[in-house]
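Protein chains in written order, with this note's numbering: chain A, 1 to 192; chain B, 1 to 192; chain C, 1 to 192; chain D, 1 to 192.
Keep in mind that the hints are not guaranteed to be accurate.
Covered stretches of chain A, going by a simulated chain D footprint (3 or more residues, C-beta under 8 Å) [as the list claims (entries may be wrong)]:
(1) 40 to 49
(2) 141 to 150
Away from chain A, derived, C-beta distances all over 12 Å, residues of chain B [to be verified]:
(3) 31
(4) 47
(5) 48
(6) 68
(7) 99
(8) 100
(9) 129
(10) 135
(11) 136
(12) 138
(13) 146
(14) 148
(15) 188
Derived by calculation from the structure, the hints in this document are not laboratory data.
All C-beta atoms, glycine included, are put in the ideal place defined by N, C-alpha and C.
Chain by chain, the residues run as shown.
There are 4 protein chains.
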Amino acid sequence: MFFSKRSLLAISFFTFTSFALQAKAQSSFGDQVVNTNITAQEVEAAQKAWGEALIKISKDHKKDGVKKASRTAEAVLDQAYGYNMGAVLFKPTLTTGDQVFRTTKEGALAYFVGGNKKFPNDSGFALKGWEKYEFKNAAVFINGDLALTMGNVFLTDGSGKVTKVDKTWGFKKDDKGQLRIVLHHSSLPYAP
Amino acid sequence: MFFSKRSLLAISFFTFTSFALQAKAQSSFGDQVVNTNITAQEVEAAQKAWGEALIKISKDHKKDGVKKASRTAEAVLDQAYGYNMGAVLFKPTLTTGDQVFRTTKEGALAYFVGGNKKFPNDSGFALKGWEKYEFKNAAVFINGDLALTMGNVFLTDGSGKVTKVDKTWGFKKDDKGQLRIVLHHSSLPYAP
Amino acid sequence: MFFSKRSLLAISFFTFTSFALQAKAQSSFGDQVVNTNITAQEVEAAQKAWGEALIKISKDHKKDGVKKASRTAEAVLDQAYGYNMGAVLFKPTLTTGDQVFRTTKEGALAYFVGGNKKFPNDSGFALKGWEKYEFKNAAVFINGDLALTMGNVFLTDGSGKVTKVDKTWGFKKDDKGQLRIVLHHSSLPYAP
Amino acid sequence: MFFSKRSLLAISFFTFTSFALQAKAQSSFGDQVVNTNITAQEVEAAQKAWGEALIKISKDHKKDGVKKASRTAEAVLDQAYGYNMGAVLFKPTLTTGDQVFRTTKEGALAYFVGGNKKFPNDSGFALKGWEKYEFKNAAVFINGDLALTMGNVFLTDGSGKVTKVDKTWGFKKDDKGQLRIVLHHSSLPYAP
């Protein structure tokens, strides 16, 4: 099997409330409720899971090297992004030229961990020794099983340096109740 | 103006929670939440509003005659059904032959209050002196701004006679937060 | 393995267009399109698949007996109904008393093939020798990945006898592009 | 009345296919189709309408001054953005500090035409003499009545200077078939 038990730890961040649990709402419907909608609470949990995953990749890199970090990153992409559905609308913070948009899983993986000759400018964003994350949400738009968020993300590295980005995410709740990122636009603040 | 103040009372049953109020969920998004999804509570309120409206039409008929009842019924159809969007999937309890499905507002109004030569078999279901309603929901399916319910409805007339029907409804929440019936299948219980 | 190759034939009716194929729409997006929406064409295909499945169960029953028919019926329920999500809003044509609504897979299977002591009045609707089906749709309501249909279904048995029912369906397209019945209200026409 | 006939021309760009017209799909449902879903074609039309509106504001500014441009911009915000629903997730290209996100209509208007003391850094993005627009879409994600697009937008001013931005939009189709921008993240390309 490809993933070791340890690398699967990365995945455990991405477990969300199942449909069954949601059904316990108190109403005249009792437990006979199927509800496919996404909630603000699920969205916040998914944001935190993204932050945890980024730090996990950085830690794996520091402790066990880039191969381990790559496996963790790939598990994160498989579980928390929507590449299983097709193109993901992903504009990472630091991409340039013809490779700004990473609509494929390969392109996203290259951005996070580098080492792919097809994406020569990628140095591995998730390998930069991230130790802490913080979110400051501006607003959320919830529409069926899809939620959009916009706000700031603050990432702190081992030296204490904080990177601030303007971040937009689109999360879609899949059939299993798992939230997947189908949209991700990250940009450095405008400096006049 | 077409509606008298009195007939507008019928309409007041159909006021639901606005988007603004929904937005007060406690989360990192504060009050910056737009949520277009329908909830089980809104669906129950819409079911009750349907029951109240049916009784209102019956009362208006008894007190003020069929013209008043017709105006109330039309207001109900305008506010609580989705004919403004196009065809409504409406199979009333007692329709027959080529006129089983009432996909137009005209056909629905004829069913509720009769008196339309194009629908000669309609005697006016809402004019039958209904005084009480009760719901026994079997289940609900919630998907975005649309909710489906299935269960029994019990209607009691002035003589105390109870009519039981198997009832399926589809409610869609519109841009103003108003729930509208886009699907309504009603049938008498199967008698072997 | 539980299903023989032959019983899997029943399943092949339920293969629908994948997201990938849908993506070929001609637009400025090229093939970079993810579209989770359901189409009228997919709904019609799912209706036909339901008709084919019913006839398949009847044929399996005639040729290989009730056990084979049961396995086929269970495969149909697993693939074409939404019991994997929770309660299905299913009101079959001929159910009575406390067992009108079949929100569980067990209840649905009992209705189609009988033989379950918990559902003593079920004689097996799908075992009645159905040979032909015909649909006459009244209208469709399409909302995201969910579509609602209403109309008549005509079923013909081996003696040429035609049974007409008023039928409402709700189809939800799942993550794999498979349409699943989440709502099914069937009733005999009202006879004054 | 507030808007002159001329300023209403700006609005005419934002007229989209109605539900009624959509219903003409060829199927067994005939014209009895209600379909609330958004299409790739509608999204492309809405993108073009945004480009036309930006140029219209610039032209109005040049010809009739900032007051006229403001009225046009306000009409665009009223018709083509979702501020009527509540917060819009809007991160304009050139905003800074505490005023990066413009979740209110007032903040959006200030960005486009300036002149609001509460937003002192806004010089009026739409007043910069834009004469031409071009889109290069990377991908689209369609989910019910909501569509997300990502790609580049190229804007050319009167001197021929081209500004390129990375652009993400979320469009929601409202009850009248009008597409409204509920998400708009615009950022200058990353320069290492």
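Evaluated hints:
Counting residues of the region 40 to 49 of chain A whose CB lies closer than 8 Å to any CB of chain D gives 0, so the stated coverage by that chain is violated, three being the minimum. Given as covered by chain D, the region 141 to 150 of chain A passes the check, having 8 residues with a CB less than 8 Å from a CB of that chain where 3 are the minimum. The claim that residue 31 of chain B lies off the interface is violated: its Cβ sits roughly 9 Å from the closest Cβ of chain A, which falls inside the 12 Å cut-off. A beta-carbon of chain A comes within 12 Å of the beta-carbon of residue 47 of chain B; the shortest separation is about 8 Å.
Its beta-carbon lying about 10 Å from the closest one in chain A, residue 48 of chain B breaks the requirement of being farther than 12 Å from that chain. Residue 68 of chain B, annotated as away from the interface, keeps every beta carbon of chain A farther than 12 Å; the closest lies near 32 Å. No beta-carbon of chain A is positioned within 12 Å of the beta-carbon of residue 99 of chain B; the least distance is around 33 Å. Every Cβ of chain A is farther than 12 Å from the Cβ of residue 100 of chain B; the closest lies at roughly 28 Å, confirming the non-interface assignment.
Annotated as non-interface, residue 129 of chain B keeps its C-beta farther than 12 Å from every C-beta of chain A; the closest such distance is 26 Å. With a least CB separation of 7 Å from chain A, residue 135 of chain B falls inside the 12 Å interface cut-off, contrary to its annotation. Residue placement check: residue 136 of chain B does not keep its beta carbon more than 12 Å from all beta carbons of chain A (closest about 8 Å). Non-interface call for residue 138 of chain B relative to chain A: violated, since the shortest CB-CB distance, roughly 6 Å, does not exceed 12 Å.
Not every C-beta of chain A lies more than 12 Å from that of residue 146 of chain B, the closest at about 9 Å, which undercuts listing it as non-interface. Its closest Cβ contact with chain A, about 9 Å, brings residue 148 of chain B to no more than 12 Å, contrary to its assignment away from the interface. Residue 188 of chain B, annotated as away from the interface, keeps every beta carbon of chain A farther than 12 Å; the closest lies near 22 Å.
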